[in-house]
Amino acid sequence: MSKRSFTAVFVAFVLASASAWAGDTSSFVDLGFSADGSRYMFAQYGVETASLKPWAELFVVDVPRNVFVQDGKRSFVHDAPVVAGQDGSGAFYKLLAEGTELAARNKVDFLRQSQPLYLNLDGGEPVNGGGGAIEFRDFESGASYVATLVPYVEGTGPGLKSSFFINVERTAKDGSKQKHTVGTPAFKRPLISAYRIKRALIAPKDGSLIFVVELWKQGPKGSDLRYMVEALKL
44 MSKRSFTAVF VAFVLASASA WAGDTSSFVD LGFSADGSRY MFAQYGVETA
94 SLKPWAELFV VDVPRNVFVQ DGKRSFVHDA PVVAGQDGSG AFYKLLAEGT
144 ELAARNKVDF LRQSQPLYLN LDGGEPVNGG GGAIEFRDFE SGASYVATLV
194 PYVEGTGPGL KSSFFINVER TAKDGSKQKH TVGTPAFKRP LISAYRIKRA
244 LIAPKDGSLI FVVELWKQGP KGSDLRYMVE ALKL
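Read in order, the letters of the sequence shown are residues 44 to 277 in this note's numbering.
By construction, these hints were calculated from the structure, which means they are not laboratory data.
All of these numbers come straight from a predicted model, not from anything done at the bench.
Fair warning: there could be bad hints in the mix.
Each pair of labels, with its calculated beta carbon distance range [as the list claims (entries may be wrong)]:
| # | residue 1 | residue 2 | range |
| --- | --- | --- | --- |
| 1 | Q221 | P124 | 33 to 43 Å |
| 2 | R180 | K150 | 28 to 38 Å |
| 3 | A127 | S219 | 12 to 22 Å |
| 4 | S132 | A93 | 28 to 38 Å |
| 5 | P233 | A93 | 43 to 53 Å |
| 6 | T227 | S70 | 16 to 26 Å |
Here are the computed lysine-lysine pairs in the PhoX-like style, where the Cα-Cα straight-line distance is at most 20 Å [to be verified]:
| # | residue 1 | residue 2 |
| --- | --- | --- |
| 7 | K241 | K260 |
| 8 | K204 | K260 |
| 9 | K231 | K204 |
We treat Cβ as the ideally placed atom computed from N, Cα and C, and that holds for glycine.
Using the sequences and the hints given, assemble the complete structure.
Shown next, in the form of structure tokens:
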């Protein structure tokens, strides 16, 4: 068992607005790292609001380069609506079963999942594009972190597009500091109105950080929620 206690999880909890958005949501799944920490695999799944069809996506990230590996994406949308009460997880299980070669090729071990250091339970839509700072600590190493998400949002309606980056400051147990920046501010994502850091995860091998970022995408019936990650090898 990892020495990191779940008391290392800092929960930033804010009550969500009473009014729910009409778009579709997704669930994030941490699938684990390769033994050397150079590859990270994750998934997301959900149900399309309009069609009620379950969908799922798999991704493998090159952690040092903070990009997807070659041919590192898989997706699936079922051709029929879900049965009442289902959450779309069936699409995820199907895609994962078919994606075992992707995990094997990148030597991902499903038992080498990350340790959570930060979790944001706020369900309301972020304001001002979702910018802001979070703080969390790794109690095993004694290091503390401040991560600041900086969004750029331009345009409105069909012309809306945005980007972001994350400034990370790490303070070691001895007080020494390191500063890093992750993200691609030059890459404009269409129809994404806001971002939020939902989780900060640490790798079991080398302490690399994974930031799980929530994306709010404008849809025909409200905002659709999706996830992406930014990887920082320390």
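Hint by hint, here is what the structure shows:
no.	hint	verdict
1	Q221 to P124: 33 to 43 Å	violated (49 Å)
2	R180 to K150: 28 to 38 Å	holds (30 Å)
3	A127 to S219: 12 to 22 Å	violated (56 Å)
4	S132 to A93: 28 to 38 Å	violated (20 Å)
5	P233 to A93: 43 to 53 Å	violated (19 Å)
6	T227 to S70: 16 to 26 Å	holds (25 Å)
7	K241 to K260	holds (16 Å)
8	K204 to K260	holds (10 Å)
9	K231 to K204	holds (6 Å)
Consistency note: the structure conflicts with the earlier hints numbered 1, 3, 4 and 5.
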